[in-house]
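Visitor: Here's the letter readout for the chains.
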Amino acid sequence: MKNYFLYIWYISAKDIQVELKKKELLTLTTIFAITCVVIFNIAIDVSAQAYIRVLPGILWVTIFFTAVLGLNRFLSVERDSGNFESLLLLPISRDILFLGKVTTLFFFMTIVEILIFPLFSVVFNLNIINISIILISILATFGISVLGIIIGSMTSNTDVRETLLPILLFPLIFPILLAAIEVTGAVLRGEEWAVYGKWVQLLAIIDIIFSIVCSFLFTHVMKDY
Amino acid sequence: MNYLFAVFAITWVVYFGYLFVINRKIDDVKEYLDIEKAN
Amino acid sequence: MNINSKYYLFLTGIIILFDIALITLFAPTEIIMGDVQKILYIHVPNAWVGFLFFFFVFIASVMYLITKDIRWDYFGQSAGEIGVVTTTIMVISGAIWAKPVWGVWWTWDPKLTTSLIMWLMYIGYLMLRAYSSNQRQGATYASVLGVISFINVPIVYMASVWWRTVHPEMIIGPLKESDAGLTVSMGFILIYSTFAFTVLGIFLLVRRFQIQQLEQLSR
Numbered sequence: 005m006k007n008y009f010l011y012i013w014y015i016s017a018k019d020i021q022v023e024l025k026k027k028e029l030l031t032l033t034t035i036f037a038i039t040c041v042v043i044f045n046i047a048i049d050v051s052a053q054a055y056i057r058v059l060p061g062i063l064w065v066t067i068f069f070t071a072v073l074g075l076n077r078f079l080s081v082e083r084d085s086g087n088f089e090s091l092l093l094l095p096i097s098r099d100i101l102f103l104g105k106v107t108t109l110f111f112f113m114t115i116v117e118i119l120i121f122p123l124f125s126v127v128f129n130l131n132i133i134n135i136s137i138i139l140i141s142i143l144a145t146f147g148i149s150v151l152g153i154i155i156g157s158m159t160s161n162t163d164v165r166e167t168l169l170p171i172l173l174f175p176l177i178f179p180i181l182l183a184a185i186e187v188t189g190a191v192l193r194g195e196e197w198a199v200y201g202k203w204v205q206l207l208a209i210i211d212i213i214f215s216i217v218c219s220f221l222f223t224h225v226m227k228d229y
Numbered sequence: 080m081n082y083l084f085a086v087f088a089i090t091w092v093v094y095f096g097y098l099f100v101i102n103r104k105i106d107d108v109k110e111y112l113d114i115e116k117a118n
Numbered sequence: 016m017n018i019n020s021k022y023y024l025f026l027t028g029i030i031i032l033f034d035i036a037l038i039t040l041f042a043p044t045e046i047i048m049g050d051v052q053k054i055l056y057i058h059v060p061n062a063w064v065g066f067l068f069f070f071f072v073f074i075a076s077v078m079y080l081i082t083k084d085i086r087w088d089y090f091g092q093s094a095g096e097i098g099v100v101t102t103t104i105m106v107i108s109g110a111i112w113a114k115p116v117w118g119v120w121w122t123w124d125p126k127l128t129t130s131l132i133m134w135l136m137y138i139g140y141l142m143l144r145a146y147s148s149n150q151r152q153g154a155t156y157a158s159v160l161g162v163i164s165f166i167n168v169p170i171v172y173m174a175s176v177w178w179r180t181v182h183p184e185m186i187i188g189p190l191k192e193s194d195a196g197l198t199v200s201m202g203f204i205l206i207y208s209t210f211a212f213t214v215l216g217i218f219l220l221v222r223r224f225q226i227q228q229l230e231q232l233s234r
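Protein chains in written order, with the numbering used here: chain A, 5 to 229; chain B, 80 to 118; chain C, 16 to 234.
Hints listed in this document are in silico derivations from the structure and should not be mistaken for laboratory results. We treat Cβ as the ideally placed atom computed from N, Cα and C, and that holds for glycine. Treat the hints with care, as some may be off.
Unchecked claim - Incomplete in silico selection of chain B near chain C, CB under 8 Å:
(1) Y82
(2) L83
(3) T90
(4) Y94
(5) L98
(6) I101
Modelling step: build the complete structure from the supplied sequences, incorporating the hints.
Guide: Here it is as structure tokens:
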């Protein structure tokens, strides 16, 4: 059992090590997220009083698009460098491989979020560094990583490659985005856990269900690689 | 009343459209088989 | 059972024609909404068939992954296509119904939101198969997506309900009103319409499936 998580960590750590040296993916995705913030601010023209209504949506849509960008880049590098093939040669079960990739993506997205959240707080003049928001962010990021890796592994193999990913991914992470947006909004408005706690519980359940189901399904995806 | 008619119209156009499109595929296959037979 | 025999086409046609007759001639006209309320008899049955066929896609996906028999993939694709047709009609009829009743074409009420997301998932399911490099890969990928998408449906519905409870800006929608105010004869026509559209759906499904098999044979 301990080996299970250890192997997942090994797979993930290798990717993280490589990336921390080059910092290519992290730089690209962070700059993209900043660009999104600027674009949304130009597009949605509201007074400072209304910031509280738009921040949750803008935050999570930004994270969604950044995740798609990061996923596409991450998976195309994996494919072109032959990384997936060499990992498939290892005598480990496919769900460990899957969770390893998920951990890597989760780690990258968390770093980007750590950089972006203070930016949002500054631009919108609202404090979003809060324990509930951090909790929901962890859960949401994990959910997006799980679904993103399995769907992305399939789309990066198709004829149209990256363009299909957001189309397929959005309906699947719709509940995750909704939960994250609702909780962020509720916390900013000063509501109590009793009001928004159910969204956190829903997200936790979603994460558990999808990580189990997708781990099983990943075996089938890899068979046709 | 117009709205109801619009819904009926759209419904049957869509269903018949789909039926028409998939029946065309039978014709394609028939064509292909005829060519095969001729060879 | 040769689906191409005109017999089944006529049978289905008669059932549907009888349905249209019931709706237009025999259904009682509602006092408040008038004839527009009869859109219910198209909207609800198509919603039911859409959901049923999405379930078929789920079954086909699971069975394909277990048995690897390509016929399950044909079944899934056929069910998926007809599901898109049906759900499209549901969404459009819902919008046309909403306009005279509420004044807006669309509202984010749970049932409509869930059906829109379901529609998107269906389309994605068909697209993934279409854009895959070969039949086998398409079948596997689509099956994986089919399983994930179906599991997502109840989650989306629950989330939408909570969303609308928090932001009840819109009225709860004609579906609720219609469920509440059904007379016996309305109920009967509704059930018959559901039956009629299910028959139509199954007929199209079997036909599409056989056409699929023919197509693949000719490859």
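Visitor: Hints first: check each against the structure and report whether it holds.
Guide: Tested hints:
With its C-beta approaching chain C no nearer than about 5 Å, Y82/B sits inside the 8 Å limit, and its interface hint holds. Proximity of L83/B to chain C holds as hinted, the smallest CB-CB distance being about 5 Å (cut-off 8 Å). The beta carbon of T90/B is positioned within 8 Å of a beta carbon in chain C (closest approach about 5 Å), and the interface hint is therefore held. For Y94/B, the interface hint holds, the least distance from its beta-carbon to any beta-carbon of chain C being 7 Å, beneath 8 Å.
The beta carbon of L98/B comes within 7 Å of a beta carbon in chain C, closer than 8 Å, and the hint placing it at the interface holds. The beta carbon of I101/B comes within 6 Å of a beta carbon in chain C, closer than 8 Å, and the hint placing it at the interface holds.
Taken one by one, the earlier hints all hold for this structure without exception.
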